[in-house]
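Number of protein chains: 2
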Amino acid sequence: MIKIAVDAMGGDFAPKEQVQGAMMAIKLIQDIEITLYGDELAIKPHLTNSERIRIVQSEGTIDMGEKDPIRAIRSNRKSSMAMALSSVRNKENDAVVSSGATQALIAGAHILVGRMKAMKRTAIAPVIPSISGKPVILLDAGGNIEIKPEFMLHQAYFATIYAKEILGIESPKVGLINIGTEDGKGRQLDQDAFALFKENTSIDFFGNVEPKAVLDPPCDILISDGFTANIVMKTLEGTAKGVGVMLKQELKRGFFGKLGLLLSMKNLKRFKKRLSPEEIGGAMIYGLNGVVIKAQGSSKSVGFYNGIRQAANVVRQDVINKVNHVIEKEGE
Amino acid sequence: MIKIAVDAMGGDFAPKEQVQGAMMAIKLIQDIEITLYGDELAIKPHLTNSERIRIVQSEGTIDMGEKDPIRAIRSNRKSSMAMALSSVRNKENDAVVSSGATQALIAGAHILVGRMKAMKRTAIAPVIPSISGKPVILLDAGGNIEIKPEFMLHQAYFATIYAKEILGIESPKVGLINIGTEDGKGRQLDQDAFALFKENTSIDFFGNVEPKAVLDPPCDILISDGFTANIVMKTLEGTAKGVGVMLKQELKRGFFGKLGLLLSMKNLKRFKKRLSPEEIGGAMIYGLNGVVIKAQGSSKSVGFYNGIRQAANVVRQDVINKVNHVIEKEGE
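As given, the protein sequences belong to chains R and D, one line each in that order. Residues in the first sequence are numbered from 144 upward in steps of one, following the working numbering. Residues in the second sequence are numbered from 144 upward in steps of one, following the working numbering.
A few of these clues could be false.
The list treats identical chains as one, so a pair stands whether inside a single copy or across any two.
Unchecked claim - DSSO-like, lysine-lysine: derived pairs with alpha carbons at most 30 Å apart:
| no. | residue 1 | residue 2 |
| --- | --- | --- |
| 1 | K409 | K291 |
| 2 | K409 | K472 |
| 3 | K277 | K384 |
| 4 | K395 | K260 |
| 5 | K328 | K465 |
| 6 | K187 | K465 |
| 7 | K159 | K260 |
| 8 | K328 | K291 |
| 9 | K159 | K355 |
| 10 | K401 | K355 |
No lab work stands behind these hints: they were computed from the structure.
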């Protein structure tokens, strides 16, 4: 049995959507057991089953807008997020899924789960949408603001194994996010990373990729430092949302426009769904001695279920040990 | 009379659209004279007027995909771009408008026009679209990959004066692009720039802005180093384009969808226009001892005309001297 810890209190619609997502996972995935960490009184009304699922009472929560996430985690060891994370260190569970505050989850995972032996830095790796429909891994979307090229290479190993084992991509290509496609473009960091990636044989290095191609990249994994990749992710989010608002403003105009909009409703909904984080699943935190998945804060039950499914897959495919193995081999 | 040098040979549709744009400018703006630099034989067929407009023959062009823009400019002094730029240094013209290769234009402007006394770095500042329709200045979109906070402040002065004098924004607000809105976020550079901007009284500093708000920012000017701002611009471009492709794919589906699409055509065209660089005008290169406007490479006549209009405005409002003045005053 794969044991999943669910932070039932994190997220905009907690605990309802988290508990319903967990119920869905219990029903659809046969080899998992779930422990819900949270407020029993708030959780119970949404619990329709007690098979392979139990509640552990927590106290207090980590606020979504927490300014000092490290302090928040340290001073709230009984919070649902902290308890779920600690249960992985104690081997009570194999994985954690949380929609709680990202920075608190990264900090908490670092402190309470601990780093894996071979990786010196953690990183957060969301999967972003693409025109072709293929999943694309973006990292580091918010872990390390300043980073060395060798740690970026470790992240590339992790993403490569993840893409193979979890996303089913046979030979995942790695691209470095840069302001131009030519060799030697960008800052010193980008040039050093390029040289390091190019000579490495454990990854399939594509080269530099401009974010003009962010929704249609010639690779499966897009890597940069935690500042740059986070800027890419937030610009992508902001543009997609903003373009949606502008589209709505324009489509409503005039009588034929309104009629056209009415007829296009179903297609527009599908379009919106394609860009929705719900459909894409959670972001994995790389570099930990356990599996931690960050589901979107706005996750509804399906989104949260997808996070649980993803967590179970990562455990089942033994991803972390496989990464440890590659880094140790390469380090020789 | 304001004298404008037009690089007639740069851009995807040169010289036709450039010449037609220039003709439009001559017709609509009474106080300008235009010199077209380019191949007389290719230009002539599109020239419908000879009042306040003349041709100066050039030789050779700067390739759009030029790998070494500095070398390209140095070894093509008779190219239309180089001749147009040199004419500003020689005081034959007040401003240059070109749709040629961006990096070559920046390098060429640096070498052939020269830096203004007070600014130590050049920067390129496109105007990006927004949901509300207000113009937003983004910089540095590709000049300086690594930069000091004091040079970013000089750019903020320039953008503030530009926004006031050219865009008609009474009290332009300056935001720093960052991965979070709180004070103290980001890299050392971002933290240092924040401190410097905060204590300055010549700009109206808003604080940090996340690129989630790139199409709806709480400020009029978005600043970061040339790597980061270029990443934002390219992610914005790529996402807007990619979302458009996905939208088209979805809207076409089914009978009602096709009918809806047909009825929405007019509105969709207007939507596309709102995101089009044509409508927004050219990017100005800040920090030069003359006015240089980069029109989009894909400019059609209206887009190129907008670049000329913009160049004439910058000359008319004496923007460069006003910026020199502020930097000298602040430097005391």
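Results of checking the hints against the structure:
Neither within a single protomer nor between protomers do K409 and K291 lie at most 30 Å apart by alpha-carbon distance, with minima of 47 Å and 50 Å respectively. Within a single copy, K409 and K472 get their C-alpha atoms no closer than 51 Å, and across copies no closer than 60 Å, so neither meets the 30 Å cut-off. Taking identical chains as interchangeable, the C-alpha atoms of K277 and K384 lie at most 30 Å apart whether they share a chain (21 Å) or sit on different chains (17 Å). For a Cα distance limit of 30 Å, the shortest separation of K395 from K260 qualifies neither inside one copy, at 56 Å, nor across copies, at 51 Å.
For the identical chains of this complex, K328 and K465 are neighbours neither inside a copy (32 Å) nor across copies (35 Å), given an alpha-carbon limit of 30 Å. For a Cα distance limit of 30 Å, the shortest separation of K187 from K465 qualifies neither inside one copy, at 38 Å, nor across copies, at 67 Å. Within a single copy, K159 and K260 get their C-alpha atoms no closer than 36 Å, and across copies no closer than 63 Å, so neither meets the 30 Å cut-off. For a Cα distance limit of 30 Å, the shortest separation of K328 from K291 qualifies both inside one copy, at 17 Å, and across copies, at 20 Å.
In this assembly of identical chains, K159 and K355 lie within 30 Å of each other by CA distance solely across copies; the values are 27 Å between and 39 Å within a copy. In this assembly of identical chains, the alpha carbons of K401 and K355 lie at most 30 Å apart only when taken from different copies (29 Å versus 32 Å within one copy).
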